[in-house]
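When we follow the working numbering, the leftmost residue of the sequence shown carries the number 3, and every step to the right adds one.
Check before you lean on any hint, since a few could be wrong.
As the list claims (entries may be wrong) - Here are the simulated DSBU-like pairs of lysine-lysine, each with C-alpha atoms no more than 35 Å apart in a straight line:
(1) 120 with 160
(2) 191 with 120
(3) 196 with 160
(4) 191 with 160
(5) 196 with 120
To be verified - Just the calculated beta-carbon pair ranges, DEER-fashion:
(6) 65 with 86: 17 to 27 Å
(7) 179 with 118: 14 to 24 Å
(8) 167 with 240: 10 to 20 Å
(9) 205 with 242: 15 to 25 Å
(10) 200 with 134: 35 to 45 Å
It is worth saying that the hints were derived from the structure and are not from the lab. Keep in mind it's a predicted model, so treat the numbers as computed, not measured. By construction, the Cβ of each residue, glycine as well, lies at the ideal position given by its N, Cα and C atoms.
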Amino acid sequence: MVRKIVAHLQYSEYHKSMSAITSTASGDDALPQAIQITARVGYVARAVFYVIIGVLALLASLDLGGATVGSDGVLSWVVAAPMGDVLLVVLAAGMLAYCVWRAIQVFYDPDDHGMDAKGIAIRGAFVVSILTHAALAYAALQMVFGSSSGSDGGTAEKIDSLMGMSWGPWLVGIGGTIAIIAGIVHLYKAYAAKFEERLSTPPRHQDWVRVVCRIGLTTRGLAFMTSGGLALALALGYNAEAGGMTRILEEAQSYGPIPLAIIAVGFFCFGAYSVIEAIWRRVDTTDVVYSG
Numbered sequence: 003m004v005r006k007i008v009a010h011l012q013y014s015e016y017h018k019s020m021s022a023i024t025s026t027a028s029g030d031d032a033l034p035q036a037i038q039i040t041a042r043v044g045y046v047a048r049a050v051f052y053v054i055i056g057v058l059a060l061l062a063s064l065d066l067g068g069a070t071v072g073s074d075g076v077l078s079w080v081v082a083a084p085m086g087d088v089l090l091v092v093l094a095a096g097m098l099a100y101c102v103w104r105a106i107q108v109f110y111d112p113d114d115h116g117m118d119a120k121g122i123a124i125r126g127a128f129v130v131s132i133l134t135h136a137a138l139a140y141a142a143l144q145m146v147f148g149s150s151s152g153s154d155g156g157t158a159e160k161i162d163s164l165m166g167m168s169w170g171p172w173l174v175g176i177g178g179t180i181a182i183i184a185g186i187v188h189l190y191k192a193y194a195a196k197f198e199e200r201l202s203t204p205p206r207h208q209d210w211v212r213v214v215c216r217i218g219l220t221t222r223g224l225a226f227m228t229s230g231g232l233a234l235a236l237a238l239g240y241n242a243e244a245g246g247m248t249r250i251l252e253e254a255q256s257y258g259p260i261p262l263a264i265i266a267v268g269f270f271c272f273g274a275y276s277v278i279e280a281i282w283r284r285v286d287t288t289d290v291v292y293s294g
């Protein structure tokens, strides 16, 4: 009962803030709306990646075509679609919008994470997210305007290249450790339903939203921990085959269609979670607008 009352209050406050922004979107008041749009476009772009990954993997598990691909594979799949170049440019723009929103979170802390150890760690995760999605945007634009044709094994190839450098094992080990920590954070966020603190979900949708978000965050958390663990093992000299989501999906497929289908549904749910954030996440712009 208490949860529902709090949810009603959050939902009402969300609508008040949205109404204030949309009704005063002129002059200086246009900045809050621009930030709102940037954040929500970014979440939609992130959703596209995971929905495509999940759908293609699910089709593969059902022997209906599909494929086990990661982010690079998504780019290759999109560019091969009708009007693929246009779609890829739009997707790259969405990724850059997501980077801008993450940068705002790093520098202005609209979610009040603070400057203690936990807050700094969260900011560090946002920086990694910026680098990752900026690299995806660059790869997408390179496929359209450059000479790259994409590669399904991109993450594994990059790790192999790093391991051949003098400082490569250290970088791979640090990256693997960060991925493991990010995975643990995702699992805690799913278990404790921490995502609800940032959402203004209508009360009638809260039950199914909670389930979908938990499944999606759990799947992504386990994926991070798996890929990070493999990378760390490789950096420490063990015989491990490190890679990203492609590697995880291929390994799941080797055990049969059911494990692959379960992971596919999980990735699809994370894409749905990103859509939910695009629609109902509270984007506080106060610190950005009034800073300085």
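Structure-based check of all given hints:
1. Annotation: proposed proximity of residue 120 to residue 160 holds, straight-line Cα distance about 30 Å (limit 35 Å).
2. Between residue 191 and residue 120, the direct Cα distance comes to roughly 14 Å. Compliance with the 35 Å bound is thereby established for this hinted pair.
3. With a C-alpha separation of about 33 Å, the suggested pairing of residue 196 with residue 160 holds against the 35 Å cut-off.
4. For the proposed pair residue 191 and residue 160, the alpha carbon gap of about 29 Å is at most 35 Å, so the pair holds.
5. In summary, the hint linking residue 196 to residue 120 is supported, as the alpha carbons are separated by about 15 Å, within the 35 Å threshold.
6. A beta carbon spacing of about 25 Å between residue 65 and residue 86 agrees with the range 17 to 27 Å that was offered as a hint.
7. Residue 179 and residue 118 have their C-beta atoms about 20 Å apart, which keeps the hinted 14 to 24 Å range intact.
8. Between residue 167 and residue 240 the C-beta distance comes to about 19 Å, which sits within the given range of 10 to 20 Å.
9. The given range of 15 to 25 Å is broken by residue 205 and residue 242, whose C-beta atoms sit roughly 46 Å from each other.
10. At roughly 21 Å, the beta-carbon separation of residue 200 and residue 134 lies outside the given 35 to 45 Å, and the hint is violated.
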